[in-house]
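Chains A and B, in that order, give the protein sequences.
Position 143 (the first sequence) corresponds to 143 in the UniProt record's numbering; numbering is contiguous.
Position 186 (the second sequence) corresponds to 186 in the UniProt record's numbering; numbering is contiguous.
Some clues are possibly wrong.
Identical copies go unnamed one by one, so any copy, or any two together, can satisfy a pair.
What the hints assert, rightly or not - List of simulated lysine-lysine pairs, DSBU-like, C-alpha gap at most 30 Å:
1) Lys-64 to Lys-30
2) Lys-117 to Lys-188
3) Lys-187 to Lys-30
4) Lys-187 to Lys-33
5) Lys-187 to Lys-64
6) Lys-64 to Lys-117
7) Lys-158 to Lys-188
Quick caveat, the hints were computed from the structure, so don't treat them as lab data.
2 protein chains.
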Amino acid sequence: MYSFLIRHLSRYISLEPQEITLLTESFKLKHLKKKDFLLHQGEVSRFETFVNKGCLRAFHITNKGEEHIVQFAVEDWWIGDMYSFLTQTPAMYTIEALEDCELLQIDKNGLEELYLKLPKMERFFRIIIQNAFVASQKRIISSMSQTADERYLAFIEKYPAIEQRIPQYQVAAYLGITPEFLSRIRKKFASK
Amino acid sequence: MYSFLIRHLSRYISLEPQEITLLTESFKLKHLKKKDFLLHQGEVSRFETFVNKGCLRAFHITNKGEEHIVQFAVEDWWIGDMYSFLTQTPAMYTIEALEDCELLQIDKNGLEELYLKLPKMERFFRIIIQNAFVASQKRIISSMSQTADERYLAFIEKYPAIEQRIPQYQVAAYLGITPEFLSRIRKKFASK
Chain A
1 MYSFLIRHLS
11 RYISLEPQEI
21 TLLTESFKLK
31 HLKKKDFLLH
41 QGEVSRFETF
51 VNKGCLRAFH
61 ITNKGEEHIV
71 QFAVEDWWIG
81 DMYSFLTQTP
91 AMYTIEALED
101 CELLQIDKNG
111 LEELYLKLPK
121 MERFFRIIIQ
131 NAFVASQKRI
141 ISSMSQTADE
151 RYLAFIEKYP
161 AIEQRIPQYQ
171 VAAYLGITPE
181 FLSRIRKKFA
191 SK
Chain B
1 MYSFLIRHLS
11 RYISLEPQEI
21 TLLTESFKLK
31 HLKKKDFLLH
41 QGEVSRFETF
51 VNKGCLRAFH
61 ITNKGEEHIV
71 QFAVEDWWIG
81 DMYSFLTQTP
91 AMYTIEALED
101 CELLQIDKNG
111 LEELYLKLPK
121 MERFFRIIIQ
131 NAFVASQKRI
141 ISSMSQTADE
151 RYLAFIEKYP
161 AIEQRIPQYQ
171 VAAYLGITPE
181 FLSRIRKKFA
191 SK
């Protein structure tokens with residue numbers, strides 16, 4: 001149950017057996033069924049969540065009721081509303097399971113305790129958050145500069161092998177284009 | 001010269017005198033004149049930069065030649081192109097001094113050495129990057145959802161006291177509105 005998380009952490013920090021025990025005691029297992037919600041916009045996000053199995057999407061609903069997809073997550077990814085989690089204020093995102101999911105979660109107190117007991121987790125989360133920040137900056141730049149073709153190629157680079165698991169209208173929503181236009185782009189690149 | 005940086009770091013981590021010495025040896029002073037460039041889009045960013053004095057802007061130039069301002073920085077802020085710095089690939093941003101600036105810089109090898117010699121810097125940068133990530137997420141949401149009035153209020157909350165130091169057409173560019181429209185918004189809130 002914890003083997004994916006430990007393998008994931010070990011890519012960034014080295015872990016002794018007693019440290020692995022401490023980690024497994026800090027994370028709790030959670031199951032979601034397809035279409036269940038992990039978080040609703042406006043609620044306070046109580047957990048940081050590692051995806052052991054499954055697929056989720058995070059989206060923001062505007063004042064006009066439009067849905068904007070900000071992130072997908074599959075195995076080996078983290079998902080959550082970090083602002084809400086850190087400041088314990090209402091979440092900007094809703095997070096929904098797109099498949100049955102097996103998740104590992106840690107709450108704010110648990111994470112603060114873990115930083116104290118296992119300071120190398122500072123390094124781990126520094127690197128993880130750094131990568132998330134860089135991806136977020138790239139997304140801002142991409143929305144300013146890139147054509148739909150370029151955004152599609154960036155999507156399949158960022159989320160390899162996820163395309164077959166997500167309904168096409170949701171990929172289109174993430175890219176900010178219509179499903180018909182996405183279908184034309186996919187045909188173009190499939191024939192190359 | 002290092003007192004602002006040490007005070008800034010001490011807000012997040014406690015520092016012993018010998019650790020302060022190590023830090024001051026790791027950062028190098030750099031001066032920029034108004035309108036000088038710290039980084040050009042397409043170059044590799046070699047430094048992370050702390051602003052001791054002055055004001056800068058980071059902007060991205062699209063394929064069509066449009067400038068998009070992604071960040072301002074004043075005293076006590078960090079500025080740089082983190083993606084370029086971390087991956088040593090071409091920068092997505094150009095960074096320009098809007099006033100004469102006094103900056104403290106650390107290069108990639110210097111920072112990696114500092115993490116090894118002073119692991120509490122992992123905690124410091126974990127928190128700093130976390131805040132930057134959260135600000136970046138808020139900016140994405142804000143560009144989707146907020147009216148120009150709301151974006152203006154978010155700007156003066158994020159950059160208090162910066163408004164008088166930056167040309168109004170650049171504030172307008174950051175907010176994605178015309179200078180004339182910004183002028184109308186400012187008058188409305190000034191009279192409240």
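Right, here's what the structure says about each hint:
1. Lys-64 to Lys-30: neither (33 Å within a copy, 47 Å between copies)
2. Lys-117 to Lys-188: Neither way: Lys-117 and Lys-188 sit 53 Å apart in one copy and 52 Å across, limit 30 Å.
3. Lys-187 to Lys-30: neither (38 Å within a copy, 51 Å between copies)
4. Lys-187 to Lys-33: The answer is neither: 32 Å in one copy and 52 Å across copies each exceed 30 Å.
5. Lys-187 to Lys-64: For Lys-187 and Lys-64, only the inter-copy Cα distance (27 Å) is at most 30 Å; the intra-copy one is 33 Å.
6. Lys-64 to Lys-117: Result: close neither inside a copy nor across copies, 45 Å intra and 51 Å inter.
7. Lys-158 to Lys-188: Classified as within; 19 Å inside a copy, 43 Å across copies.
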